[in-house]
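Given next are the chains, with one letter for each unit.
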Amino acid sequence: MADILIKEGRVVDPKTDLDEVLDVLILGNKIAKIDKNIKKEGAKRIDAKGKIVGPGFFDLHCHLRDPGRPDVETIESGSQAAIAGGFTTICCMPNTSPVIDNEGLVNYIYKEAARVNLCRVYPIAAITKERLGKEITEFGELIKAGAKGFSDDGDVVADCNMFRRALEYSKAFDVPIFEHPIDKDLAKDGLMNEGVISTRLGLSGSPGIAEEVIVARDLLVARFTGARLHLCHISTKGSVDLIRRAKEDGMEVTCETCPHYFFFNDELLSGFDTNFKVNPPIRSEQDRQAVIEGLRDGTIDCIATDHAPHCQADKELEFTNAPFGMIGFETALPMIVMELINKQKFNWLHVLEKLTINPAKVVSEKLGVVKKNAVADVVIIDPKKKWRLTANAIRSRSKNTPLLNKEMTGQVVAAIVDGELKYQSSKLKNK
Amino acid sequence: MPARKDLLGLENLTSREIIQYLDLAEKFASVLKRPIPFVPSLRGKTILTLFFEPSTRTQISFSIAAKRLSADIVNFSQSASSLTKGETILDTAKNIEAMKVDGVVVRHSAPGAAKILAENLDAFVVNAGDGSHEHPTQALLDLMTMRQVFGRFKGLKVLIIGDIEHSRVARSNIFGLKTLGAEVAVCGPPTLIPLDIEDLGVDVFYNTDDIIHDYDVVMALRIQLERQQGGLFPSLREYRTLYGLTKERVARMKQKGIVMHPGPTNRGVEIDPDVADSSKSVILKQVKNGVAIRMAVLFVHAGGKLG
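First to last, the sequence lines map onto chains F and D. All the letters of the first sequence, read from the start, carry residue numbers 1 to 431 under our numbering. All the letters of the second sequence, read from the start, carry residue numbers 1 to 307 under our numbering.
It is worth saying that the hints were derived from the structure and are not from the lab. We put the CB at the ideal spot given by N, CA and C, even for glycine. Any given hint might turn out to be false.
Result set (SDA-like, lysine to any residue): computed pairs, CA atoms no more than 25 Å apart in a straight line [to be verified]:
#1 315(F) / 95(D)
#2 94(D) / 71(F)
#3 94(D) / 317(F)
#4 45(D) / 90(D)
#5 184(F) / 230(D)
#6 237(F) / 199(D)
#7 237(F) / 200(D)
#8 399(F) / 91(D)
#9 94(D) / 271(F)
#10 178(D) / 196(F)
#11 94(D) / 273(F)
#12 5(D) / 184(F)
#13 94(D) / 313(F)
#14 315(F) / 119(D)
#15 157(D) / 196(F)
#16 157(D) / 122(D)
#17 178(D) / 205(D)
#18 184(F) / 161(F)
#19 315(F) / 200(D)
Here are some chain D residues pointing at chain F (derived, C-beta under 10 Å) [unchecked claim]:
#20 90
#21 111
#22 112
#23 130
#24 157
#25 194
#26 196
#27 208
#28 211
Could you put the whole structure together from the sequences, leaning on the hints where they help?
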């Protein structure tokens, strides 16, 4: 393993509140030194002048479709996309086919990720067997095999008592329960956010309250049980308000949103582009602003991708019949740069916190830090780089994003996992 | 005439474009009164009607319109459910393209379906209804009928009663009427009024009897029985009691007010038989105007020339 010396980058580490132009020396799989003018013979030198050097991104929420849909994505193609997007750790959701609800499949994820050997891939296992919402899975065995949390993502745990029992049982292991907060009855056959745009388009709407009633319920049950609740892909003003109030009351709940909820609003669905069809749906401008405020004031802890690949044939169906989801690994950083950094004037410490240390903490991992002796998961970012997101440039096996062929600002130029340079863009200067 | 290849809806048309269709339709209406009601305008053109949802009158109306223009017409019907299992609408589009038709009239249960065809075909596409989204030729024939009776749109007061949520007829009429300067209100059970429709510049009411006397045009929409099964209203009986166009209710309308319905009617539910057949009803006039409107639309989009 070659030692790596990253020269003259702007090192940003939220955990230690560091934001300074420094050199970073990586020896073996550890960060050995962060200082000015480090010299090290024989180390691979990376010139990071004008670049940001931060902890590797940590994605709490993605769909790798493995096992089940190798035509759409695999652990291999998903890892390639993730590492190119700066994600050194990704947590994959269990709504695969078959469902990740047993040790065998958890082992499979680790084995396949080790073979691919790009980023860390952590499985989130199902809360209930086959995600049917009836019987809880063997949390103990699954955790022993390496599951980092539990979720029936794609579906809410509809039965309140089942949800209570899952939260209670999780306390024995101190693991988070990831909830997909959407009430099925209220969302019904909703294809997009319910509001004036769905009214104009004649598309059936899924109302914001479909999310909010479950967020409210979950907060109550989490408080009652004292278990660790993580709310996935928060998209509405009402949800942000509920979580903000819960945190003000001292609850230790965590939540995430996704780039598409602070980047897009539902007016963009007017062209019936199925690449905008996601679940929860892209919401109104008011909701989008509330999500940004939630990120700003700390109500929203994490930014996750909800990377959800689908093949072109499926996304070419009519809006009614096309599946929900958009890819997210390779667009997350540019969306963050273009909206949160450039337009909303967030600072890098603040943004990176939500991409690194905060998500790592949700699953109790000691990652997401750039400091002496920390595990060397490091990302180098060019925040000003302009580039075009072409289908060829996308490493994910699926290309379902409304940003296809659009101009991006901000690009990951290198990613280091466990001290190894796993990704570098072709233009990165190194000696 | 308009540079647009397709007619997908009224939402983005200008008032000038709408009026052009109506004026041209009036010309064709006079053609239809002739002993031999044909013009050779679209001789040699092939038009395909592609209906993935059951319809009789709209498909027939387009067929007659095409024949009156001397176009060749091919009709195709298939339920959308059997289509989605095998062939996608895009596959269908590619097949049509290979067969070199000049125009396609499409009905489909999915909003935006006509747009997919329009974007993938060189042939012009006329939307004959895409789910709950738009049904532009129906709204144009409704507008034509209103203009024949009132001679104006500015300040005309139009009330649409019924299942607004699931109605493409309501949407297209709202877009067209608002563009032309009419005042539009909707009335129905709150469960069938779509969210934030006020933002389209439409007044919303839930009680028919409070307002029916105030409108020039009262348009009843067809109520689908499956909406009741979906829990959106309790019974057809109560629907009729609250929103049905009964003789008593219609008697309270303006003296010159008219009753419209896009058909087919559920007689005795949203409209009573004696109202549908009364002098206030222009329902058959709507059907008649339908052929003239569809002639105008096909003529414009097939690039026909007036002799």
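Comparing the hints with the structure gives:
no.: 1; hint: 315(F) / 95(D); result: 19 Å, holds
no.: 2; hint: 94(D) / 71(F); result: 23 Å, holds
no.: 3; hint: 94(D) / 317(F); result: 14 Å, holds
no.: 4; hint: 45(D) / 90(D); result: 23 Å, holds
no.: 5; hint: 184(F) / 230(D); result: 15 Å, holds
no.: 6; hint: 237(F) / 199(D); result: 20 Å, holds
no.: 7; hint: 237(F) / 200(D); result: 23 Å, holds
no.: 8; hint: 399(F) / 91(D); result: 20 Å, holds
no.: 9; hint: 94(D) / 271(F); result: 21 Å, holds
no.: 10; hint: 178(D) / 196(F); result: 16 Å, holds
no.: 11; hint: 94(D) / 273(F); result: 19 Å, holds
no.: 12; hint: 5(D) / 184(F); result: 40 Å, violated
no.: 13; hint: 94(D) / 313(F); result: 14 Å, holds
no.: 14; hint: 315(F) / 119(D); result: 15 Å, holds
no.: 15; hint: 157(D) / 196(F); result: 22 Å, holds
no.: 16; hint: 157(D) / 122(D); result: 39 Å, violated
no.: 17; hint: 178(D) / 205(D); result: 17 Å, holds
no.: 18; hint: 184(F) / 161(F); result: 16 Å, holds
no.: 19; hint: 315(F) / 200(D); result: 30 Å, violated
no.: 20; hint: 90; result: 5 Å, holds
no.: 21; hint: 111; result: 5 Å, holds
no.: 22; hint: 112; result: 3 Å, holds
no.: 23; hint: 130; result: 8 Å, holds
no.: 24; hint: 157; result: 21 Å, violated
no.: 25; hint: 194; result: 4 Å, holds
no.: 26; hint: 196; result: 4 Å, holds
no.: 27; hint: 208; result: 21 Å, violated
no.: 28; hint: 211; result: 21 Å, violated
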